[in-house]
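Just so you know, the protein sequences line up as chains A and B, in that order. For the first sequence, this note's numbering begins at 1434 and goes up steadily by one. For the second sequence, this note's numbering begins at 35 and goes up steadily by one.
Since the hints were made in silico from the structure, they are not lab data. Positions of the beta carbon are idealized from the N, C-alpha and C atoms, including for glycine. One thing to keep in mind: the hints can contain errors.
Unchecked claim - What follows is a set of in silico ranges between Cβ atoms, one per label pair, in the way DEER data are often shown:
1. 366(B) x 1615(A): 23 to 29 Å
2. 374(B) x 1615(A): 52 to 58 Å
3. 1599(A) x 390(B): 30 to 36 Å
4. 1472(A) x 327(B): 51 to 57 Å
5. 341(B) x 1611(A): 28 to 34 Å
6. 1733(A) x 345(B): 46 to 52 Å
7. 1728(A) x 366(B): 34 to 40 Å
8. 328(B) x 1599(A): 36 to 42 Å
9. 363(B) x 1645(A): 19 to 25 Å
10. 1684(A) x 327(B): 53 to 59 Å
11. 345(B) x 1654(A): 30 to 36 Å
12. 1713(A) x 341(B): 21 to 27 Å
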Amino acid sequence: MASVSLKHIYKVYTGGVTAVSDFTLDIEDKEFIVLVGPSGCGKSTTLRMVAGLEEISEGELYISDKLVNDVAPKDRDIAMVFQNYALYPHMTVYDNMAFGLKLRKTPKAEIERRVHEAAKILDIEYLLNRKPKALSGGQRQRVALGRAIVREPKVFLMDEPLSNLDAKLRVQMRTEITKLHQRLQTTFIYVTHDQTEALTMGTRIVVMKDGFVQQVDSPQNLYDFPVNRFVAGFIGSPQMNFFDVKLVREGNAVYAVFGDNKILIPQGKVAKLNDESYIGKEVVLGIRPENIHDEEVFIANAPKSLIDVSVEVVELLGSETFLYLKTSGKEDNVIARVDPRTVSRAGDSIKVAFDTNHLHFFDKDTEQTILNR
Amino acid sequence: MGTKVNKGIWTYRKGAPTVLDKLYFDQINAILARLTSVVQLLDEHGCPIIPDSGADMIPIPIELDSGRPQVIDNRTWLAVKAPPIACVVVHGTEAASVDCALLVQSLLGSLQDALPTSNRNDACRRVLREELSAPEIESTAHEYGIPMELERTVIVFHALQAGRISAMDLLRDMIPVGDDDLLVEIDRHTLALIKSMPQVESMEELQQLAEAVEQTALSETATRVTVAIGEPKPAFTQTGESYREAWRALEVGHAFKPELNVYLYRNLILERFLMEIPRDMGQRYNQIVFNRKSSRLFNEEMLHTIEMFFAKDLNLSDTARQLYIHRNTLVYRLDKVQRQTGLDLRHFDDAITFRLLFLLSKSGGDQPTLVR
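In isolation and in its complexed conformation, chain A is listed as follows (with noise of 0.2 Å):
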């Protein structure tokens, strides 16, 4: 168990490509934190830092308040598990997940304690003489997690563990790597670039884009106050709907208008986005696909937060709808998560309301969030 500290780290490759800028993270003993983003967003080259894998440029990085710069990955203490779950396929399953401490000449009881015990922790003990063509994906994955799990590392390193396994098995992985952790009260550094993965695993999620850190915090965090567009529209699935609007004032009210549409902002948004002098300008207003409904008792209650739509598709799920919209003023489509017992169709021309309390603004230029600063 370790607490893992980044402090101002760069990794610049010979050419001068700079695939990590300044990232600087605290993270505590015990945490599951989850570095996510795009491809090429340097979260991989974060890790294979932190493993010893890759030099560091410039920085500090610290396990359990020792500078590790220059101390050997074997000698780190931490353990990686990659997405390319590779077993030796002529051996065992107990032989495999036993080969790292045979390497390091760990006594032969200590190893037969520690593969049981990992086995026992995976359930995968009924699979230990097995070989990994008897094995389907999901438990050769777990056979993976084994060989680092046996090294009893301070910390865990995964490098998108489930990103060969098919959706379904994807899924069920996940709460099993959850539950490892709750298990194992260690700390793990998990890289991926589902977001959904990092929503439902993570303590802590950093958000990383071409290099730099966007945002380090709580899953609810992220999801209710993303700090720019880009971890707004990164978080969540379907991502949120954004529309460059003008603000506008009238009388006492302000509305953000875009196309033949015009939505009433509610007070409390209203005052910071005027402390801010936003008002007259334009702006990106974000709203998530939960927030926008067909219900007639919302549309009722809210005459001033309607728009006009056409529904292109309606995407049937069982326990949620899709409805994807067109509207003036946006030329992609919108998309609305409603009730499955929603009466709206393909071609019928509707009017959907705007939950404004939900509602983000962004600035146009540098994309930072307005009011949850």
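Starting from the structure of chain A, add chain B where the hints point.
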């Protein structure tokens, strides 16, 4: 087959003995000479190798079990696998003679590990580098007890950043070596595993083995190892060819797929073909699309987008999701490529043309990218 002239060890095999041979036998001779028991070491035909007395051939009982001492005709016999030595004979039948036979077996094993392995390694390296003629390879195989007719595949492990530790020291314990396999040190950075195929179910299994070694090296020692696999060959004389293929896969793989660490020769057909196209011709065709005019369009982001679009089998939605961009953004980017080059990457024919022209920038593989 070596010429047998039963006149002591130095004329025992065809060709002059090497320095290491001499060291090996001198050491065994010196140790055995100090024993009170009379011990003889025989080759597979019963010719005495040690002591060097010019004694007559002793028929080896056919019922000998490998590794288990057996008492037959007032002698203790023990079959061993220490080519060219095939059998230990201790005169006497008491428990001390049995112990003596077992001790000699251990002695042979440890000395063979220390000395002639290097010699065998040297010979195998020459076989892999195709420095020996077919009869010489046959002779080498006989000398070291290597079966000639056995299907084998060569796997090359290359650890360029091995540092002070050699690839052999780094990887020896990570590479499983079966009874009929040979692990050969090529140089400080490179090992070759001559893998016997009868126990291997498929090339996929070899690939898994290669990936397991690569990943173990990375996680245990933080060393990046690249692995390349040649094609299976039916005879020992052809292992050099498999080795050459593995090297080619390594060179082509490094040039075309540097993000990967394991390469199979058979999976790099297109890349091998492109590598053989002369560099100037490749550049000429490459510049049809990738020229000064298009250099602003094909920036890092655009190339990454196109690469992902190909990796996702031209599926717009999957690509957009993976890149975290809106589908329309992707369509817009592809439209830009079409306007500039006339190639609509959403269509298979145009996509393949684009891909080939792009890959041609890496053509001209006559210049080796790796030090062999």
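Residue 363(B) paired with residue 1645(A), Cβ distance criterion 19 to 25 Å: 20 Å, holds
Supplied distance hint 52 to 58 Å, evaluated on CB atoms of residue 374(B) and residue 1615(A): The hint (52 to 58 Å, Cβ to Cβ) holds, given that residue 374(B) and residue 1615(A) are roughly 53 Å apart.
Measuring from beta carbon to beta carbon, are residue 345(B) and residue 1654(A) in 30 to 36 Å? Because 34 Å falls inside the window, the suggested range holds.
Return holds or violated for the Cβ distance of residue 1713(A) and residue 341(B) against the range 21 to 27 Å. 44 Å, violated
For the pair residue 1684(A) and residue 327(B), does the Cβ-Cβ distance stay inside 53 to 59 Å? Holds: the Cβ-Cβ distance is about 55 Å, inside 53 to 59 Å.
Take a look at whether the Cβ-Cβ distance between residue 1472(A) and residue 327(B) falls inside 51 to 57 Å. Violated: the Cβ-Cβ distance is about 28 Å, outside 51 to 57 Å.
Distance restraint evaluation - residue 366(B), residue 1615(A), Cβ atoms, bounds 23 to 29 Å: Since residue 366(B) and residue 1615(A) have Cβ atoms about 45 Å apart, the given range 23 to 29 Å is violated.
Outcome of range test on Cβ distance (residue 341(B), residue 1611(A); 28 to 34 Å): 33 Å, holds
Given a hinted range of 30 to 36 Å, is it respected by the beta-carbon distance of residue 1599(A) and residue 390(B)? Hint holds: Cβ distance 32 Å, inside 30 to 36 Å.
Within 46 to 52 Å: is that where the Cβ-Cβ distance between residue 1733(A) and residue 345(B) falls? 49 Å, holds
So the hint says 36 to 42 Å: do the beta-carbon atoms of residue 328(B) and residue 1599(A) match that? 39 Å, holds
Given the range 34 to 40 Å, decide if the beta-carbon distance of residue 1728(A) to residue 366(B) lies inside it. 35 Å, holds
Against the hints set out earlier in the document, violations occur for numbers 1, 4, 12.
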